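Trainee: Now for the letters of each chain:
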Amino acid sequence: SQTIHQWPATLVQPVGSPLSLECTVEGTSNPNLYWYRQAAGRGLQLLFYSVGIGQISSEVPQNLSASRPQDRQFILSSKKLLLSDSGFYLCAWTRAVQETQYFGPGTRLLVL
Amino acid sequence: GQQVMQIPQYQHVQEGEDFTTYCNSSTTLSNIQWYKQRPGGHPVFLIQLVKSGEVKKQKRLTFQFGEAKKNSSLHITATQTTDVGTYFCAGFGILDSNYQLIWGAGTKLIIKP
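Protein sequence lines, in the order shown, are assigned to chains A and B. Numbered per the working numbering, the first sequence spans residues 1 to 112. Numbered per the working numbering, the second sequence spans residues 1001 to 1113.
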């Protein structure tokens, strides 16, 4: 069966510090991978998606970036965090574009 | 660009009452998915509707996809405390020249004590 992991589960970072969140998928190959952000009590905002290694599409211009160094690994990064980067970051995978999205447990980020 | 509007934002019900959330798109969707997010959790897939006018049931949950494939609804009969959470619809359509999943803002179901 397929599983998706995210870490860390929670993170408190000062403004201006760097960020690296990791997402890995097990039990499938060549998944489509997604990063979402969810502000408290709000909906899902798609940040990045990837259809293959090294292929990243950005949906929202901001100080975040994403990378896919391996088939089942997706990384969200920032060089300098802003207060507005606080939120719940969710990674998801699909077998194909129109299929079910399977979400990881998420990372709660608080920037102080 | 294409949007999916979801209403209401919140709904407070007494346990045992019914609950409905609606999604409306500005243009035709190829399909629509529904997800549930429990408090503190991550979204979990519930169902996908593909055909015009399709109706699917999961126990007390009834999902509908409109004839024009522009709207959808989720109805829960006789809510229980386990139904608490936020329900999201997400439809496949064109957004910023890309064919992708467009998310509604979610409806939060709150059970009154």
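There could be a bad hint or two in this list.
Claimed, not checked - From the derived model, a few chain A residues whose C-beta atoms are all more than 10 Å from chain B:
1) W7
2) L46
3) S57
4) L90
As the list claims (entries may be wrong) - Which chain A residues face chain B? A few, computed with CB under 10 Å, are given here:
5) R42
6) L44
7) G54
8) F88
Derived from the structure by calculation, the hints contain no laboratory data. Keep in mind that this is a model prediction, so the values were computed, not measured. Idealized CB from N, CA, C, for every residue including glycine.
Trainee: The structure should be examined with respect to each hint, and the outcome stated for every one.
Mentor: Cross-check of the supplied hints:
1. W7: At roughly 14 Å from the nearest Cβ of chain B, W7 of chain A sits farther out than 10 Å, so the non-interface label holds.
2. L46: Contrary to the label, L46 of chain A does not stay out of reach of chain B, its closest Cβ about 8 Å off (not over 10 Å).
3. S57: Nearest chain B Cβ is 8 Å from S57 of chain A, so the label is violated.
4. L90: violated (6 Å)
5. R42: holds (7 Å)
6. L44: Holds: closest Cβ of chain B sits about 5 Å from L44 of chain A, inside 10 Å.
7. G54: With a closest approach of 19 Å, the G54 of chain A hint is violated.
8. F88: holds (8 Å)
In this structure, the earlier hints numbered 2, 3, 4 and 7 are contradicted, and the remaining ones agree with it.
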